[in-house]
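Novice: Okay, here's what each chain looks like letter by letter:
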Amino acid sequence: MEVQPSAPQGAGPQPTKHRRRWIAALIPLTALALSGCTLPSFGAYKSDTTTGQETYHLWQWFSVGAVIIGTFTFLLIVWAVLRYRRKGDTIPKQSQYHIPLELLYTIIPVIIVGVLFWGTVVVENKVVAMPKTNVKIHVNAFKWGWGFTYPGQNAVVVGNTTQEPTMVMPVGTDVAVTITSTDVMHGFYIPQFNFSRYALPGVTNEVTFHAVKTGTFTGQCSQLCGLYHSLMYFKVKVVTLKQYAAWQHSFDTPAGKLAAQAAANALKIQMSAGLPVVSAVTAGVN
Amino acid sequence: MTAVISPDTHHDDAHEAHEHHGPTGVLKWLTTTDHKIIGLSYTVTAVLMLVIGGFFAELIRVQLSAPYEHFLSFAQYNEVFTMHGSIMIYLFAGPMAFGALANIIVPIQIGAPDMAFPRLNALSYWLYLTGSITMLSGFFVSGGAANFGWVGYAPLSSAANSPGAGADLWIGALLLTGFSAIFTGVNICATVFYLRAPGMTLFRMPIFTWNLLVTSILILLAFPVLTAGLIMLYCDRHFGTHIFSVQGGGVPVLWQHIFWFWGHPEVYILALPFFGMVTEIIPVFSRKPVFGYKGMVFATLTIAALSLGVWAHHMFTTGTVLLPFFSIMSLLIAVPTGIKLFNWIGSMWRGQIWFSAAMLFAIGFVITFLIGGLTGIYLASPPLDFFTHDTYFVVAHFHSVVMALVMGGIAGLYYWGPKITGYLLNETIGKIQFWFLFIGSQVFTLPLYILGLKGMPRRMAVYPNNPGWQHLNEIATFGAVLIGISTVLFVVNILVSWKKYPAGDNPWDGHTLEWFTTSPPPHHNFYRLPQIRSERPTWDYNHPEAPALTHGTHEEK
Numbered sequence: 004m005e006v007q008p009s010a011p012q013g014a015g016p017q018p019t020k021h022r023r024r025w026i027a028a029l030i031p032l033t034a035l036a037l038s039g040c041t042l043p044s045f046g047a048y049k050s051d052t053t054t055g056q057e058t059y060h061l062w063q064w065f066s067v068g069a070v071i072i073g074t075f076t077f078l079l080i081v082w083a084v085l086r087y088r089r090k091g092d093t094i095p096k097q098s099q100y101h102i103p104l105e106l107l108y109t110i111i112p113v114i115i116v117g118v119l120f121w122g123t124v125v126v127e128n129k130v131v132a133m134p135k136t137n138v139k140i141h142v143n144a145f146k147w148g149w150g151f152t153y154p155g156q157n158a159v160v161v162g163n164t165t166q167e168p169t170m171v172m173p174v175g176t177d178v179a180v181t182i183t184s185t186d187v188m189h190g191f192y193i194p195q196f197n198f199s200r201y202a203l204p205g206v207t208n209e210v211t212f213h214a215v216k217t218g219t220f221t222g223q224c225s226q227l228c229g230l231y232h233s234l235m236y237f238k239v240k241v242v243t244l245k246q247y248a249a250w251q252h253s254f255d256t257p258a259g260k261l262a263a264q265a266a267a268n269a270l271k272i273q274m275s276a277g278l279p280v281v282s283a284v285t286a287g288v289n
Numbered sequence: 106m107t108a109v110i111s112p113d114t115h116h117d118d119a120h121e122a123h124e125h126h127g128p129t130g131v132l133k134w135l136t137t138t139d140h141k142i143i144g145l146s147y148t149v150t151a152v153l154m155l156v157i158g159g160f161f162a163e164l165i166r167v168q169l170s171a172p173y174e175h176f177l178s179f180a181q182y183n184e185v186f187t188m189h190g191s192i193m194i195y196l197f198a199g200p201m202a203f204g205a206l207a208n209i210i211v212p213i214q215i216g217a218p219d220m221a222f223p224r225l226n227a228l229s230y231w232l233y234l235t236g237s238i239t240m241l242s243g244f245f246v247s248g249g250a251a252n253f254g255w256v257g258y259a260p261l262s263s264a265a266n267s268p269g270a271g272a273d274l275w276i277g278a279l280l281l282t283g284f285s286a287i288f289t290g291v292n293i294c295a296t297v298f299y300l301r302a303p304g305m306t307l308f309r310m311p312i313f314t315w316n317l318l319v320t321s322i323l324i325l326l327a328f329p330v331l332t333a334g335l336i337m338l339y340c341d342r343h344f345g346t347h348i349f350s351v352q353g354g355g356v357p358v359l360w361q362h363i364f365w366f367w368g369h370p371e372v373y374i375l376a377l378p379f380f381g382m383v384t385e386i387i388p389v390f391s392r393k394p395v396f397g398y399k400g401m402v403f404a405t406l407t408i409a410a411l412s413l414g415v416w417a418h419h420m421f422t423t424g425t426v427l428l429p430f431f432s433i434m435s436l437l438i439a440v441p442t443g444i445k446l447f448n449w450i451g452s453m454w455r456g457q458i459w460f461s462a463a464m465l466f467a468i469g470f471v472i473t474f475l476i477g478g479l480t481g482i483y484l485a486s487p488p489l490d491f492f493t494h495d496t497y498f499v500v501a502h503f504h505s506v507v508m509a510l511v512m513g514g515i516a517g518l519y520y521w522g523p524k525i526t527g528y529l530l531n532e533t534i535g536k537i538q539f540w541f542l543f544i545g546s547q548v549f550t551l552p553l554y555i556l557g558l559k560g561m562p563r564r565m566a567v568y569p570n571n572p573g574w575q576h577l578n579e580i581a582t583f584g585a586v587l588i589g590i591s592t593v594l595f596v597v598n599i600l601v602s603w604k605k606y607p608a609g610d611n612p613w614d615g616h617t618l619e620w621f622t623t624s625p626p627p628h629h630n631f632y633r634l635p636q637i638r639s640e641r642p643t644w645d646y647n648h649p650e651a652p653a654l655t656h657g658t659h660e661e662k
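Chains A and B are the protein sequences, given in the same order.
Using our numbering, read the first sequence as starting at 4 and increasing by one per residue.
Using our numbering, read the second sequence as starting at 106 and increasing by one per residue.
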């Protein structure tokens, strides 16, 4: 995406004799904008999914634009305030319009918005794309915990405020995640994936993650859901395909089946009526 | 009361005959239909609400200054942030904008004797006051005040999930203040369209009045939708309907559509009046006309039009809305907003800037709003919204904006207060207050941006899993304390300056009609009017040698 570092210069009201100073101020910023590969993170996560990384780059370019425009405008304000402080009682020139200038600071923002929108749509299409995949996870949010079931598999994981559940998923492959809620609205939020999506009652949302490295990440509810909203945590454990298969198989043993059955029952109770939270039942990982 | 009639007024004999001999004292305040006194009642009530809402904000910040603070219980915390948001949005910002200063200033700025419907105006105020009391009374019922956030998302706001009278009082309060706003909207529209003085064409109206006209039109388009939604919500809670409940075949997301169809125009209903105040103040203290007056008006109209088509940018993460449409509409709002910003800078450019307290607050507004505006652009992009939605990044964004609006409002009070009371506020205390508020606002919001990017969701009573967030939260709390001190300074200033510094008719060398009449203005506002030949009739009268230069004469030759 191209941000136009030279564009805002002209937007200053008639800066003729001070133009050089503005250019001097813009040089480091322009250099920053052009050194694309070494852009700072501007505080966001680099992310561990493909779409999360796309989002991260979009974030960087938005930030470059914001820093350039923000710094330029801020300096204009500070300049005006310091330079034109009252020095006497003379009435300054009562100029009110400068059509070319006004057009300039209308058209340039329109162009910038167009560029930002273009970048947005490109990244957005990747983030919301749902390629076909065999690895599927169904997320069930409830007051106040999470249930993870794996369609076509035995594995079931449930946890609540006292026992965080862990969503296990394989690395290097597309994972289709469907999200719903049994009672009120919740937010399925994984900061390091640069992603969140509401868990809505009566609606099933879908998203595809493609993790690029293994590790354990935290997630939590982002949408106010009542009393224990702040304690509605979960973990995401990204493992190799081999480990993932082994984990799935652990639910096929008699003991594993029993654990999955217990978790499934707990989830069922939860889903049947949005009852007060059940005692901790967690099966699976570790 | 009529002792100061100027000699060149002829038509005042008739006026004098039925001069206002109404009740005095408390009875006057209770029975008045005078827009200035109603406006003053609004001002006092709204500032009181700011203090109460600010107190709740301080409670929130104390609770968040440690990862597992026991200062408030989970239940209390939910009530406190719900009421903080509700008070600030419904009971402070709106009424302060279109109730208080609009009521006082709009009729005077267009040379009108009062609002078009004075009794309806009084009703608006009493509805607002009763609505405010209704909402606050939630703390005194069993189960406590409403605790589902100021947005009241279904189905959390259903009878099953939020039983208790507090939620119903919240709904009732919103209905009352909603009708108050609608009536004020009707009143301002009618006043602007029918009561302008001879010569006051639409394109000679001051920007503040223009913005209030547009605000009122937005109120009329948006508030009835909220009222309808609240009635549906109440029916769901008590009369067995299932509009927002899945069990009965309803759609919970519908509440969000209704709420934000009101809620996003509401953002501009709050913001436009404060934009207007700043647009009055900056040119006066720069001794120049508003730069790009017509561009300013068209920018305001564009913002209003776009604001009706962006509501679903609050719902990007629901997965149920058309992302690109709401994204481009939201991004486009940056264009007219940018025009306004550059026009404010243009108004100062080559002026003679007088750093009164009002002007300092106005400049503080511009800088703080620049930060809030730029971070808002990120949120218009769905992929970026996905990971910042419902985090402290959003909280920081809109607090940058609303802290800017608070600065605009206080600028308005320093600027117009003398007109309505007849007395100036202490400038030195005002400037100290400004620095506390300005620095406090940045110290408060900047750490919140970082916290949001680190993944701290909003509305968290505790963050036990992330003790590393404590330091940033402590800094934000420190900022909130600075803001609190600035509020105390404001109250101190009002007490210290009480009837101390007489203002005179035109203390700031103002441009618009309110500075032509006395301070405070007489009953029905004017003894005489100047010729209105531009948007600066008072300036033209006082400085006939320095009219605004028309198009094409901007070059220095």
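A few of these clues could be false.
[What the hints assert, rightly or not] Subject to a maximum C-alpha distance of 25 Å in a straight line, what follows is the list of computed SDA-like cross-link-like pairs (lysine to any residue):
{"hint": "1", "chain 1": "A", "residue 1": "245", "chain 2": "A", "residue 2": "179"}
{"hint": "2", "chain 1": "B", "residue 1": "399", "chain 2": "A", "residue 2": "84"}
{"hint": "3", "chain 1": "A", "residue 1": "240", "chain 2": "B", "residue 2": "163"}
{"hint": "4", "chain 1": "A", "residue 1": "90", "chain 2": "A", "residue 2": "179"}
{"hint": "5", "chain 1": "A", "residue 1": "271", "chain 2": "B", "residue 2": "352"}
{"hint": "6", "chain 1": "A", "residue 1": "238", "chain 2": "A", "residue 2": "255"}
{"hint": "7", "chain 1": "A", "residue 1": "90", "chain 2": "B", "residue 2": "611"}
{"hint": "8", "chain 1": "B", "residue 1": "399", "chain 2": "B", "residue 2": "629"}
{"hint": "9", "chain 1": "B", "residue 1": "559", "chain 2": "A", "residue 2": "164"}
{"hint": "10", "chain 1": "B", "residue 1": "536", "chain 2": "B", "residue 2": "163"}
{"hint": "11", "chain 1": "B", "residue 1": "399", "chain 2": "A", "residue 2": "255"}
{"hint": "12", "chain 1": "B", "residue 1": "536", "chain 2": "A", "residue 2": "84"}
{"hint": "13", "chain 1": "B", "residue 1": "536", "chain 2": "A", "residue 2": "82"}
{"hint": "14", "chain 1": "A", "residue 1": "96", "chain 2": "B", "residue 2": "648"}
{"hint": "15", "chain 1": "A", "residue 1": "238", "chain 2": "A", "residue 2": "261"}
{"hint": "16", "chain 1": "B", "residue 1": "604", "chain 2": "B", "residue 2": "648"}
{"hint": "17", "chain 1": "A", "residue 1": "238", "chain 2": "B", "residue 2": "173"}
{"hint": "18", "chain 1": "B", "residue 1": "559", "chain 2": "A", "residue 2": "57"}
{"hint": "19", "chain 1": "A", "residue 1": "238", "chain 2": "B", "residue 2": "570"}
{"hint": "20", "chain 1": "B", "residue 1": "559", "chain 2": "A", "residue 2": "60"}
{"hint": "21", "chain 1": "A", "residue 1": "129", "chain 2": "B", "residue 2": "434"}
{"hint": "22", "chain 1": "A", "residue 1": "240", "chain 2": "A", "residue 2": "253"}
{"hint": "23", "chain 1": "A", "residue 1": "129", "chain 2": "A", "residue 2": "195"}
[To be verified] To give an idea of the interface, some chain B residues facing chain A are shown, with a C-beta separation under 10 Å as derived from the structure:
{"hint": "24", "residue": "153"}
{"hint": "25", "residue": "352"}
{"hint": "26", "residue": "439"}
{"hint": "27", "residue": "487"}
{"hint": "28", "residue": "496"}
{"hint": "29", "residue": "655"}
[As the list claims (entries may be wrong)] Every beta carbon over 12 Å from chain B, so not counted as near; a handful from chain A, in silico:
{"hint": "30", "residue": "42"}
{"hint": "31", "residue": "173"}
{"hint": "32", "residue": "174"}
{"hint": "33", "residue": "177"}
{"hint": "34", "residue": "245"}
{"hint": "35", "residue": "248"}
{"hint": "36", "residue": "250"}
{"hint": "37", "residue": "255"}
{"hint": "38", "residue": "258"}
{"hint": "39", "residue": "259"}
The set of hints was computed from the structure by calculation and includes no laboratory data.
Here the structure is a predicted model, which means the values were calculated and not measured.
The beta carbon of each residue, even a glycine, is placed where N, CA and C say it ideally should be.
Novice: It remains to establish, for every hint, whether it holds in the given structure.
Specialist: Now the hints, each set against the structure:
Of the supplied pair hints, the one linking residue 245 of chain A and residue 179 of chain A holds, its CA atoms being roughly 18 Å apart against a limit of 25 Å. Taking the CA atoms of residue 399 of chain B and residue 84 of chain A, the gap is near 24 Å; set against the 25 Å cutoff, the hint holds. Restraint check for residue 240 of chain A and residue 163 of chain B: not satisfied, since their Cα atoms lie roughly 38 Å apart, outside the 25 Å limit. At most 25 Å may separate the alpha-carbon atoms for a hinted pair to count; residue 90 of chain A and residue 179 of chain A exceed this at roughly 67 Å.
Annotation: proposed proximity of residue 271 of chain A to residue 352 of chain B holds, straight-line Cα distance about 17 Å (limit 25 Å). Restraint check for residue 238 of chain A and residue 255 of chain A: the C-alpha separation of about 23 Å stays at or below 25 Å, so the hint holds. Under the criterion of a C-alpha separation no larger than 25 Å, the hint pairing residue 90 of chain A with residue 611 of chain B is consistent with the structure, at around 21 Å. At most 25 Å may separate the alpha-carbon atoms for a hinted pair to count; residue 399 of chain B and residue 629 of chain B exceed this at roughly 30 Å.
Between residue 559 of chain B and residue 164 of chain A the CA atoms are separated by roughly 21 Å; this keeps the pair inside 25 Å, and the hint holds. Between residue 536 of chain B and residue 163 of chain B, the direct Cα distance comes to roughly 23 Å. Compliance with the 25 Å bound is thereby established for this hinted pair. Simply put, residue 399 of chain B and residue 255 of chain A have alpha-carbon atoms about 73 Å apart, too far for the 25 Å limit, and the pair is violated. Distance hint between residue 536 of chain B and residue 84 of chain A is fulfilled; the C-alpha atoms sit about 16 Å from each other, no more than 25 Å.
Between residue 536 of chain B and residue 82 of chain A the alpha-carbon distance is near 20 Å, which keeps this suggested pair within the 25 Å criterion. A hinted pair counts as satisfied when its Cα atoms are at most 25 Å apart, and residue 96 of chain A with residue 648 of chain B qualifies at roughly 13 Å. About 23 Å separates the Cα atoms of residue 238 of chain A and residue 261 of chain A, which keeps this hinted pair within 25 Å; it holds. Straight-line distance between C-alpha atoms of residue 604 of chain B and residue 648 of chain B comes to about 30 Å, which puts the hinted pair past the 25 Å bound.
Between residue 238 of chain A and residue 173 of chain B the alpha-carbon distance is near 20 Å, which keeps this suggested pair within the 25 Å criterion. The straight-line distance between the Cα atoms of residue 559 of chain B and residue 57 of chain A is roughly 18 Å, inside the 25 Å bound, and the hint therefore holds. With a C-alpha separation of about 11 Å, the suggested pairing of residue 238 of chain A with residue 570 of chain B holds against the 25 Å cut-off. Restraint check for residue 559 of chain B and residue 60 of chain A: the C-alpha separation of about 16 Å stays at or below 25 Å, so the hint holds.
Using a Cα cut-off of 25 Å, the hinted pair residue 129 of chain A and residue 434 of chain B holds, with the two alpha carbons roughly 21 Å apart. At roughly 16 Å between alpha-carbon atoms, residue 240 of chain A and residue 253 of chain A fall within 25 Å of each other, so this suggested pair holds. A hinted pair counts as satisfied when its Cα atoms are at most 25 Å apart, and residue 129 of chain A with residue 195 of chain A qualifies at roughly 17 Å. With a least beta-carbon distance of about 27 Å to chain A, the hint placing residue 153 of chain B at the interface is violated under the 10 Å criterion.
Because the closest C-beta pair between residue 352 of chain B and chain A is about 9 Å apart, less than 10 Å, the hint holds. The beta carbon of residue 439 of chain B comes within 6 Å of a beta carbon in chain A, closer than 10 Å, and the hint placing it at the interface holds. With a least beta-carbon distance of about 5 Å to chain A, the hint placing residue 487 of chain B at the interface is held under the 10 Å criterion. For residue 496 of chain B, the shortest C-beta to C-beta distance to chain A is roughly 7 Å, which falls under 10 Å, so the interface hint holds.
For residue 655 of chain B, the interface hint holds, since its Cβ comes within 10 Å of a Cβ in chain A; the closest pair sits about 7 Å apart. Every beta carbon of chain B lies more than 12 Å from that of residue 42 of chain A, the smallest distance being close to 15 Å; the non-interface claim holds. Annotated as non-interface, residue 173 of chain A keeps its C-beta farther than 12 Å from every C-beta of chain B; the closest such distance is 22 Å. At roughly 20 Å, the least C-beta separation between residue 174 of chain A and chain B is larger than 12 Å, which holds for a residue marked as non-interface.
The beta carbon of residue 177 of chain A sits about 18 Å from the closest Cβ of chain B, which is more than 12 Å, so the claim that it is off the interface holds. Here residue 245 of chain A stays apart from chain B, with its beta-carbon at least about 30 Å from theirs, past the 12 Å limit. Distance check for residue 248 of chain A against chain B: the nearest CB is about 30 Å away, which clears 12 Å, and the non-interface claim stands. The claim that residue 250 of chain A lies off the interface holds: its Cβ sits roughly 24 Å from the closest Cβ of chain B, which is beyond the 12 Å cut-off.
At roughly 32 Å, the least C-beta separation between residue 255 of chain A and chain B is larger than 12 Å, which holds for a residue marked as non-interface. Consistency note on residue 258 of chain A: stated as away from chain B, and its beta-carbon is indeed over 12 Å from all of that chain's, at 30 Å minimum. No Cβ of chain B approaches the Cβ of residue 259 of chain A within 12 Å, the least distance being about 28 Å, so the stated non-interface status holds.
Going through the hint list in order, the structure does not satisfy hints 3, 4, 8, 11, 16 and 24.
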